[in-house]
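Chain by chain, the residues:
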Amino acid sequence: MAGPGALGDFAVVGGAVSAALGAGTLGLGLARRNSRLVDAGRRFVAPMCTAAVLTFVAMEWALFSHDYAIKYVANNVANATPGLFTFTAAWGALEGSIILWVVILCAYVAITMLAFRRRRRDALVSWALLVQYLVCLFFFALMVGPARPFATQSGLIPFDGNGPNPLLQNHPLVAFHPPMLYAGYVGMTIPFSFAIAALITGRFGEGWLADTRRASLIAWGFLTVGIVLGAWWSYEVLGWGGYWGWDPVENASFLPWLTATAFLHSVMVQERRAMLRVWNISLIIATFSLTILGTFLTRSGVINSVHAFSQSDIGPWLLSFLGVIVASGLGLIAWRGDRLRTPGRIDSLVSRESAFLANNLLFAAFALVVLTGTVFPLLVEALNNQQISIGAPYFDRMSLPIGLALLFMMAVAPVLPWRATAGEVLRERLQVPAVCGVVAMAFVVVLGYRGLGPVIAVGLGAFCVAGIVRNFAIAVRARRRAYHERTVPALARTVRSNPRKWGGLVVHTGVVVVAIAIAGSQSWGTRREVQLKKNQTVTIAGHQLTYLGSSIVRSPQKATLKVRVHVRHGGDDFGVYAPAISTFPGSNQGIGTPSVHVGLLNDVYLSLIEAPDDQGRVTLQVGINPLMMWLWLGGGIMAFGTLLCLVPAKRKQPDAVAPPERELATVGAGT
Amino acid sequence: MTRVRWVVTCVAVVVIGLVIVLAASLGRSHDTSGGALVKHPAPAFSLPALGGGKVDLQADAGKVVIINYWNDWCIPCQQELGDLQRLWSTYRTDPLVAYVGIVHDVHAQRDITDYVQTEQITFPVAFDPGERTALAYGVTGQPETFVIDKHGVVRNWISGPIDLAKLESLIEAYKASA
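Residue numbers (this note's numbering), protein chains in the order written: chain W, 1 to 671; chain S, 1001 to 1178.
Simulated from the structure, these hints should not be mistaken for laboratory data.
Nothing here was measured: the structure is a model prediction, and the numbers come from that model.
Fair warning: there could be bad hints in the mix.
Derived CB-CB ranges, DEER-like [to be verified]: (1) S:Glu-1131 with W:Gln-536: 17 to 27 Å; (2) W:Ala-115 with S:Thr-1140: 47 to 57 Å; (3) W:Asp-160 with S:Ala-1136: 45 to 55 Å; (4) S:Ile-1016 with W:Gln-431: 45 to 55 Å; (5) S:Ser-1089 with W:Ala-392: 45 to 55 Å; (6) S:Gln-1058 with W:Leu-368: 23 to 33 Å.
C-beta: ideal position from N, C-alpha, C; glycine also.
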């Protein structure tokens, strides 16, 4: 009888065949300039997407029906696994993660096709679809070959499965972090495919940028949210006390984010001044290549990481794919040669385009620093056969000056006009924000906070936010005067008139909040390991912690050892918190679950290190982590800003009066 | 050569170098766990035993030795307990086989004593108070089992519960080997 395995295998092969036929027909149509073949080639998108959805449905069916004849199911769920984690097990291991990748990729392809339905015979769109087909074909081929999700057991079928990796069944965030990250990674396929199409068709002007602006933003937004959720997961679930460890796989998600962020800024220079064409195409090729590099690092077994899937055979496939992408991209750029270059030149060093160029160089330098730190151990191992590890100190030291320089650029660039700036204008626009920055620095020093890096970060952050507020206030005032509107409608309509610009500035505000939270939490926190007897109290950074006792909670899914700790601060009673360690059937790992009192200024972070010993003493790691709530809030602000950027601009009223400081336009300046 | 092509060539050289490094890393072992000990001499230890005395690996030279790292609060350890007890019953009189269960975290010695009595465990149990032995064996969790041959070389590392039949066949094979 046909079961989920048969359906899944059928769907995977069906998807691969559809992608291959689509690519073949479309390629032939484009080569022969035959519009009937091009049309026919497009029609394979529907069966390919259906196949991807069916593959996912088959996997969920197999997981929920506990079809242990399928190896993936036997290895990743158990009878006692709760429904949520049974559902998320679909992407909890290598083969399933490829299914999720393909489903998201097909969704992007389908949405792109729908969005361009009126330009279906446009060569640029057709070549982009061909590239998308080829990327889909590669991932379907992975599922046909080395990462077959529906492979069956060779021996006896077990009565119960191993259950998900314990780390993946300890917190509901597993339902959000990987899909968000994948939506970011995979979304980069769309601008990449259009960049390649632009190179092939020779239409490397500004058209392909406008066509992919939304796709790039959506992918970037998902990647941002995915990274922030990953940090949150690390903090709330992994229990080591931090949120970012410069783990190679964390770096692998950060690298494409850096290049994509640079891309989002530099496209504005091309849109406005028709410059940086080679740079923009290179950036998006680099971004897509880095997403594949990240996939390779996670799935090839070349690195040890909490994120890494078990060693598999897909490493050589992914590496070859990476090679093909880079070779195609570089080959096409070389083929087009200097025809890609534009005659435009930067007129003045003090201009918006100069600032964007500087910001791009900083992002590129940041990416290079992170890439070097990530692959250097592999280089040393290849050359010297020595295993070395590059840890947080390298990354922290290198990223601090680049991060501060980026904050400075973020404060200055939005107020610079295009082409050139008079010194007087610059002074007028920067004076108040700069004073705010200095006052903010003085304020935190007076409050007793020390450290050059974080104090400068606060100053630059205030400088930046004050600039944004001033910019917005001027725009609202101009609108009120021009249309005689009241303040609140004027606020809303100012945003509505150019959501891309104001959304971008909201993202900047989010970045400032995140940057200050990172700087503060890294520099002003306290972390201690304490051993406590029952009813013993310890005071850490003004917080009194009393160990009340422990208990074991057993369920079919797991056994959890919890210790209860009463937390107080001065006269405030924060309540009882219960950090825990859980063990799961079929796994030998003890999984710590921290317990966190979330506060506006400080988190009290409790993590159980050792269970009660023979004298009843527990060992706890206690962290007083400042500004953590602001880190997550900053991520939320960035996500909100990205959404705002995606809102279509309201058409200007015919009698609109240009606001006096139109040149203040920033992120949305190209519209 | 145009400027763009010159830059592309430079980038291509760097990328080719990176791909070669990544390709060279494929298939290499990056294992820092107990698996890295396989085919290497087993680190020596002498540990306090439950009920007094010492458990010394050197004293078992020439035997096939099974070392199992466990704990009373770990579910997989509880799952494999019956099998380990059966294994011990099978080989307790075999002069060519030795077995030790090591409790390596600073967990309650008294709890283990109670647990051993309640569960009627008779196999030898040792404590690793400073976790030095666990560190030497690259133990990161419980249970982890090591099979050491007659020459003192680690032949197998089992992470998670054991498969009794498989473990017995390994022991027989190592007993029979020269």
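Right, here's what the structure says about each hint:
Taking 17 to 27 Å as the suggested C-beta distance range, the pair Glu-1131 of chain S and Gln-536 of chain W conforms, at roughly 24 Å. Taking the beta carbon of each, Ala-115 of chain W and Thr-1140 of chain S are about 49 Å apart, inside 47 to 57 Å as hinted. Between Asp-160 of chain W and Ala-1136 of chain S the Cβ separation comes to about 34 Å, which falls outside the hinted range of 45 to 55 Å. Between Ile-1016 of chain S and Gln-431 of chain W the beta carbon distance is about 51 Å. The supplied range of 45 to 55 Å therefore holds.
For the pair Ser-1089 of chain S and Ala-392 of chain W, the beta carbons lie near 50 Å from each other, so the given range of 45 to 55 Å is met. For the hinted restraint 23 to 33 Å between Gln-1058 of chain S and Leu-368 of chain W, the CB-CB distance of approximately 52 Å leaves it violated.
The structure shown violates the earlier hints numbered 3, 6.
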